[in-house]
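Quick mapping for you: the protein sequence lines, in order, are chains A and B.
To convert, count from 1 in the first sequence and add 23; that's my numbering.
To convert, count from 1 in the second sequence and add 3; that's my numbering.
To be clear, the hints were calculated from the coordinates, so they are not data collected in a lab.
Each residue gets a CB set at the ideal place from its N, CA and C atoms; glycine is no exception.
Treat the hints with care, as some may be off.
Said to hold, decoys possible - Derived pair list, reagent style DSS-like, types lysine-lysine, alpha-carbon separation capped at 30 Å: (1) K227/A with K178/A; (2) K255/A with K158/B; (3) K178/A with K109/B; (4) K255/A with K234/A; (5) K158/B with K252/A; (6) K178/A with K248/A; (7) K64/B with K5/B; (8) K70/B with K252/A; (9) K176/A with K235/A; (10) K252/A with K29/A; (11) K178/A with K100/A; (12) K29/A with K227/A; (13) K32/B with K5/B; (14) K235/A with K255/A; (15) K55/A with K126/A; (16) K248/A with K158/B; (17) K158/B with K227/A; (18) K108/A with K44/A; (19) K235/A with K248/A; (20) K44/A with K124/A; (21) K5/B with K252/A; (22) K23/B with K45/B; (23) K70/B with K255/A.
Said to hold, decoys possible - If you want the ones that stay clear, here's a sample from chain B, every Cβ over 10 Å from chain A, calculated: (24) P35; (25) R95; (26) L98.
Unchecked claim - Among the chain A residues that face chain B by a calculated CB cut under 8 Å, a handful are: (27) I263; (28) T267; (29) R268.
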Amino acid sequence: MFGFVKPDQGMLLGRDYAFYKATYCGICRQMKAHTGALSPIFLTYDSVFLALVRMVFEDKKNIGARRGRCLAHPLKKRAMLLPNKATEYTAKVFALLSYYKMKDDLADEGALTRIGLAPARPLLAHARKKAAEYAELESVIADRLEEITRLEKEKCASVDTCAHPFGELLGALFCHGLSGEDAIVTRELGYRLGKFIYAADAAKDYEEDRKKGRFNPYVLSYEGKELTKENKETIRTALILECTRMEAAVNLLDFRGSYTLEALIRNIIYNGLLNQIDFLSDAPAASDPFDAQI
Amino acid sequence: MKDPYSILGVNHDASDDEVKEAYRNLVRKYHPDNYADDNPLKDLANEKMQEVNEAYDAIVKMREDEKNGATNNGAGYQSSSYQSDPRYGEIRRLLNARRFAEAERKLSEFSEYDCGAEWHYLKSVVLMQRGLVNDAMRELETACMMDPSNLEYQKAKQMFNGQARGYGSTYYGNMNSRRSSDACDCCANLICLDCCCECMGGDLIPCL
Chain A
24 MFGFVKPDQG MLLGRDYAFY KATYCGICRQ MKAHTGALSP IFLTYDSVFL
74 ALVRMVFEDK KNIGARRGRC LAHPLKKRAM LLPNKATEYT AKVFALLSYY
124 KMKDDLADEG ALTRIGLAPA RPLLAHARKK AAEYAELESV IADRLEEITR
174 LEKEKCASVD TCAHPFGELL GALFCHGLSG EDAIVTRELG YRLGKFIYAA
224 DAAKDYEEDR KKGRFNPYVL SYEGKELTKE NKETIRTALI LECTRMEAAV
274 NLLDFRGSYT LEALIRNIIY NGLLNQIDFL SDAPAASDPF DAQI
Chain B
4 MKDPYSILGV NHDASDDEVK EAYRNLVRKY HPDNYADDNP LKDLANEKMQ
54 EVNEAYDAIV KMREDEKNGA TNNGAGYQSS SYQSDPRYGE IRRLLNARRF
104 AEAERKLSEF SEYDCGAEWH YLKSVVLMQR GLVNDAMREL ETACMMDPSN
154 LEYQKAKQMF NGQARGYGST YYGNMNSRRS SDACDCCANL ICLDCCCECM
204 GGDLIPCL
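Just need the whole structure built from these sequences, with the hints factored in.
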């Protein structure tokens, strides 16, 4: 389920995209600092979105960047965000999430992935220890992932029911430590995003799961038939309706004049997420510069 | 005849007010007062005006027919005792009163064999209300499949599809985010393309 939340670079201003990349590098730095030198191998684009949303609540004077080199890109100096609370939180939380995700993967995949993933395990256990201050979140993560596994074992055919725990999981990650209205808004934002990711991911795997007889709520709901054009449109519309609820939450965020944060967050929820579900539509991909409609 | 919607420049799922607004703007544009008698464009403007009027009348008529059709259809459905279930009326009353939990309970009392298209439709209304969008769309799809001629179900489906198409448009304004492109888009795309070409040593637009 990782790798779903990305911006659409073509629709962004250069300065906004530069900020996005700097945030990515900033999180990487924080991971090295807090959860172990090798933990950035679990860094994903999804984490940047969390950091962006949390930065909305950060004091503007704490958000700064510098140019620097890193091991992964030693030749060119890159802009990276200076440490702030949002990136630190993101780094730690994603270390936790990666640990549980891997535990989960090891539990239900076959021996092959077990061998492949096993060497990374001590690394993650270390990262998890470093993020120990979020014990409360940790129990939420473990609990919701368990819930997902239970629903899958029960062969639940309702996409919303299956997606619900993952929504709650992300909702908890987004609102942790915030209070009042901020917490309500970010929880809803995370909840809708989580549901979207779960459902979109299941829709993407439809064909594969159908053939291999693996659990997938869509396959159960459509009784294992091949999806028609209409079926795909229904699924796509439902996923976008989920996005409209996410948009309603974003509309209530107080960006306090930060155009870059707003542009990035909106770009991700409007363009980035829709790009991920382009496989459900016949229209040309939005990111395609040779869009037939010029 | 051309599609009346494209003459007015609105989408098929535009609201009645949007259609009226578009119509008014066009009338203002082509109004005979704007063209003096000796203006060579007068005839052309008149032709346009007529076209706009016809398109607007056609849309209004189409929409009225649709509404009448829906009520007739509904009435016919009610009166023919075949397949109609008095429980649906009760559930609709609950939905109108926004008592969704009760409506859902009533729906759950149906046995599997009783669940007709209308059951799936009403279920989708309840689910949508609860924010369970994926399951709601699935139920709506089932309702449309079981009774493809029912205008109420089709209309609901079109409305949601329209909502999905409009997603993001309030932020991006009239650019309508993705699928449509206008002159500005086209221009930006060309500049972008030119940059790409120049990177590779070529040049698409020599003056840029």
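Now for the hints, and whether the structure bears them out:
1. Among the hinted pairs, K227/A with K178/A is consistent with the structure: their alpha-carbon atoms are about 18 Å apart, no more than 30 Å.
2. Under the criterion of a C-alpha separation no larger than 30 Å, the hint pairing K255/A with K158/B is consistent with the structure, at around 18 Å.
3. About 25 Å separates the Cα atoms of K178/A and K109/B, which keeps this hinted pair within 30 Å; it holds.
4. Distance restraint check for K255/A and K234/A: the Cα-Cα separation of roughly 18 Å lies within the 30 Å cut-off, and the hinted pair is therefore satisfied.
5. Our distance criterion of 30 Å between C-alpha atoms is met by K158/B and K252/A, whose separation comes to about 19 Å.
6. Distance check on the hinted pair: K178/A and K248/A sit about 17 Å apart at the alpha-carbon level, within 30 Å; holds.
7. Among the hinted pairs, K64/B with K5/B is consistent with the structure: their alpha-carbon atoms are about 16 Å apart, no more than 30 Å.
8. Of the pairs offered as hints, the one joining K70/B and K252/A holds, with about 28 Å between alpha carbons and a cut-off of 30 Å not exceeded.
9. Restraint check for K176/A and K235/A: the C-alpha separation of about 16 Å stays at or below 30 Å, so the hint holds.
10. In summary, the hint linking K252/A to K29/A is supported, as the alpha carbons are separated by about 26 Å, within the 30 Å threshold.
11. Restraint check for K178/A and K100/A: not satisfied, since their Cα atoms lie roughly 50 Å apart, outside the 30 Å limit.
12. Our distance criterion of 30 Å between C-alpha atoms is met by K29/A and K227/A, whose separation comes to about 16 Å.
13. Between K32/B and K5/B the CA atoms are separated by roughly 20 Å; this keeps the pair inside 30 Å, and the hint holds.
14. About 20 Å separates the Cα atoms of K235/A and K255/A, which keeps this hinted pair within 30 Å; it holds.
15. The straight-line distance between the Cα atoms of K55/A and K126/A is roughly 21 Å, inside the 30 Å bound, and the hint therefore holds.
16. Between K248/A and K158/B, the direct Cα distance comes to roughly 26 Å. Compliance with the 30 Å bound is thereby established for this hinted pair.
17. With a C-alpha separation of about 28 Å, the suggested pair K158/B and K227/A falls inside the 30 Å cut-off, and the hint holds.
18. At most 30 Å may separate the alpha-carbon atoms for a hinted pair to count; K108/A and K44/A meet this at roughly 18 Å.
19. Between the alpha carbons of K235/A and K248/A the distance comes to roughly 13 Å, so the proposed pair stays at or under 30 Å and holds.
20. A threshold of 30 Å between alpha carbons decides the hint, and for K44/A with K124/A the separation of about 25 Å falls inside it, so the pair holds.
21. A threshold of 30 Å between alpha carbons decides the hint, and for K5/B with K252/A the separation of about 27 Å falls inside it, so the pair holds.
22. As the CA atoms of K23/B and K45/B are separated by approximately 24 Å, the hinted pair is consistent with the 30 Å bound.
23. Of the supplied pair hints, the one linking K70/B and K255/A holds, its CA atoms being roughly 29 Å apart against a limit of 30 Å.
24. No beta-carbon of chain A is positioned within 10 Å of the beta-carbon of P35/B; the least distance is around 36 Å.
25. Listed as a non-interface residue, R95/B keeps its Cβ farther than 10 Å from every Cβ of chain A; the least gap is roughly 23 Å.
26. Every Cβ of chain A is farther than 10 Å from the Cβ of L98/B; the closest lies at roughly 19 Å, confirming the non-interface assignment.
27. Nearest Cβ of chain B to the Cβ of I263/A: about 4 Å, under the 8 Å cut. The hint holds.
28. About 6 Å separates the beta-carbon of T267/A from the nearest beta-carbon of chain B, less than 8 Å, and the hint is met.
29. Checking R268/A against chain B by beta carbon gives a least distance of about 7 Å; that is within 8 Å, so the hint holds.
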